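Given these sequences and hints, build the entire structure.
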Amino acid sequence: MSNKWIKTCNKSDVSEEGPYCFAVSTEKNIAIYKIDEQFFCTDDLCTHGNASLSEGFQDDGIIECPFHGGAFNIRTGEPTSYPCINAIRTYPVKIEDDTIMVAYDGE
Amino acid sequence: MEEVAMLATVPERVVIVGGGIASDACAAELRQSGYNGSIQMLCGEPWRPYERPPLSKEALDDKGSIEGRFFLHPESWYDDNAIELRLGVHAAGLDTRQNTVELTTGEKIGFDRLLLATGGTVRKLRIEGGEAPNVHYLRTKDDALSLASALTQGSSIAIIGMGVIGAEIAASARKLGCNVTAIEPETGPMTRALGSQLSNWLAGVHHKQGVQALYGVSVARFVMEDGLVRAVECNDGTLVSCDAVCVGIGIIPETGLASDAGLAVANGIVVDHQNRTSVPSIFSAGDVAELPAFDGADRVRYETYQNAAEQGATAARAMLGQAADNTGPCTFWTNQYDLNIQSAGKVSDEFSIVWRGSMGDDGFVAFFLDGERLVGAVAVNRARDMAVARKLVAAKIDVKPEDLASEALPLRSLLKALSKN
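From first to last, the protein sequence lines stand for chains W and L.
Convert by adding 2 to the 1-based position in the first sequence; the result is the number in this note's numbering.
Convert by adding 1108 to the 1-based position in the second sequence; the result is the number in this note's numbering.
Please keep in mind that the hints were generated in silico from the structure rather than gathered at the bench.
No experiment lies behind these values; they were computed from the predicted model shown.
C-beta: ideal position from N, C-alpha, C; glycine also.
Taking CB as the label site, the calculated pair distances span:
| id | chain 1 | residue 1 | chain 2 | residue 2 | range |
| --- | --- | --- | --- | --- | --- |
| 1 | L | 1504 | W | 83 | 13 to 23 Å |
| 2 | L | 1283 | W | 27 | 21 to 31 Å |
| 3 | L | 1189 | W | 105 | 29 to 39 Å |
| 4 | W | 82 | L | 1192 | 22 to 32 Å |
| 5 | W | 83 | L | 1214 | 34 to 44 Å |
| 6 | W | 105 | L | 1479 | 45 to 55 Å |
| 7 | W | 82 | L | 1433 | 15 to 25 Å |
| 8 | W | 11 | L | 1178 | 30 to 40 Å |
| 9 | L | 1335 | W | 82 | 50 to 60 Å |
If you want the footprint, here are the derived chain L segments under chain W, 3+ residues with CB under 8 Å:
| id | stretch |
| --- | --- |
| 10 | 1178-1190 |
| 11 | 1412-1422 |
| 12 | 1492-1498 |
Once the Cα atoms are required to be at most 20 Å apart in a straight line, the calculated EDC-like pairs of lysine to aspartate or glutamate come out as:
| id | chain 1 | residue 1 | chain 2 | residue 2 |
| --- | --- | --- | --- | --- |
| 13 | L | 1499 | W | 18 |
| 14 | L | 1524 | W | 62 |
| 15 | L | 1216 | L | 1192 |
| 16 | W | 6 | W | 100 |
| 17 | L | 1524 | W | 61 |
| 18 | L | 1524 | W | 18 |
| 19 | L | 1499 | W | 61 |
| 20 | L | 1499 | W | 19 |
| 21 | W | 6 | W | 107 |
| 22 | L | 1499 | W | 62 |
| 23 | L | 1524 | W | 39 |
| 24 | L | 1524 | W | 19 |
| 25 | W | 13 | W | 45 |
| 26 | W | 96 | W | 15 |
| 27 | L | 1283 | L | 1169 |
| 28 | L | 1524 | W | 38 |
| 29 | L | 1504 | L | 1478 |
Right, here's the structure in full:
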C-alpha cells in the first residue's frame, strides 16, 4: 500500500447533516462524512456529472447528488440510484486526536 | 382466423423505441428489478444514449471537455447488461394485435412489452428562411456541434425564444464573446418555468452579462441575402442584424407511431400513473408522455431530465408488474453564467412566494405556496437547500411561511418534524 495519510479537518468540522468538502489539491476535492459518530470519505466529484457531492443531501448513509438525483452508499461507494452507475471512490479514514486522517495516495 | 397476441404475464421480450434518458433508465431499471429477458433499444441516432443537458452548455462553450462525459454509459455497460442497441433505426409502424414494431426497413420485431420513448422534434419557425443554413435549432448532438461552430468570438447571434434552451444558449454565447440579442414574446426569460418575479430577476442577470434583449416582441420576418439570414425583423419594426440565428421555441412530441396505432393521444401519449398507455402491453415515458399531474388536477407533459429518468424507471417496474408510481413533483435545473437554478413542483404567478434569502443575494430560495400548502420551490445557488426543498414539496404539506423564511432554522428540521408525524 502506497497510501499516505493526510490531515484533513477536525471532527467538529463534519456534521451528520452533510459532508465536509476538503481540497487535496487545486484540482481535486474529497468529501468527508459523519454517520452515527463514524467518519467516511469519498471523492467529491460525482461519477456521473460535474457536481460536487458535498453540496448534496445526506441521509441514512446515502449521499444524493445535488444535480441529477443520483446517489451513492457513503460507506461502500456503490451507486444506489440512476443515473449513477459507476461507484464513487472511497478512502480509508482514521482519527488522530480530533483530526480526521484520510489515506490519500495523491492520484 | 387472425391470431391475436396474448399479453404475456411474464414478459420475455422488451422493445424500447427511442434512445434517450427515458429509454436508458427503463433498460437499467428492468435489469435492476431482476428482469432476465431480452431488451432491444431502437435508437434513431447513430450512437448510444447520451446526455442532453450539456448540449446547450459545455458542448458549446467548452467543446473539448465534453467527450468523456457525453455518453450516459460506456459501451461495455450495454453488453454487460445484455441490452441490445440498434443504432440508427426508425420504427415505421406498430401492430397492437400482433405486438410487433415494424422498422422503416420492413423488419418486424415482436415484443411482450413495449416502451414508446420517442421524445420530440424541435418546433421550427415557419417563415421564409426558417431552414437557412445559419438558422440553428438545438435538440441533438449534431445540432449542438453545428451551433458550436457558429458561436465564434465577436459574431452576432440572434436568439429567438428565451425559454430554458434560449437562455442557456445566450449564457454560453456570451461566455464565448458573441454579441447576443434575444427576442422573446413574453415579458422576460423562462416566464413559464419561473413565474414573472424570478423571470424579471433573471432578465436583469442576462442584461448585466451583456445580452441585449427584446421582450414582448416576436419575429415578423427574416431579411435574407445569398440564402442566409442577415437580419431578423421584429413585429415592432426593430431590425436585428446577425451572423447566425438560434431558435428555441420548444418541441413537438413524437406521437405519430402511437396515434397511427390507435393509442390514446392528447398533447402527448396518454399514460396513467404507472406509465401505461391505453394498450396493456405498451408503455410510454419521457418528453412524449402525458401523465397525471403531481396534484392530480390535470394532465401534463414534462420535458426534463429527472422526469424522463423517473418515468422510464416507473415504466420498467410496471412492465414487470411491480409497484410503480410516477406522480412525484417535476424537477429541473439550469446552469447560466455562475448560476445554478433548480426547481421542483408548481411554480406560477397564481401562488404566493416566501423568500429564504433575497434576489439580491448570491443564493436564495423562493417557495411557492397555495394558501398554506407548499406546492413548489426554486433555488438559486442553493443546491443543498434544494435537496430538502424537493422532499418538502413532494410531501404535500402545509407550512408556516416564517419557518421557510428563517435562515436560522435549518430546512432539514422541517423534514425531520415531518418524519415524526
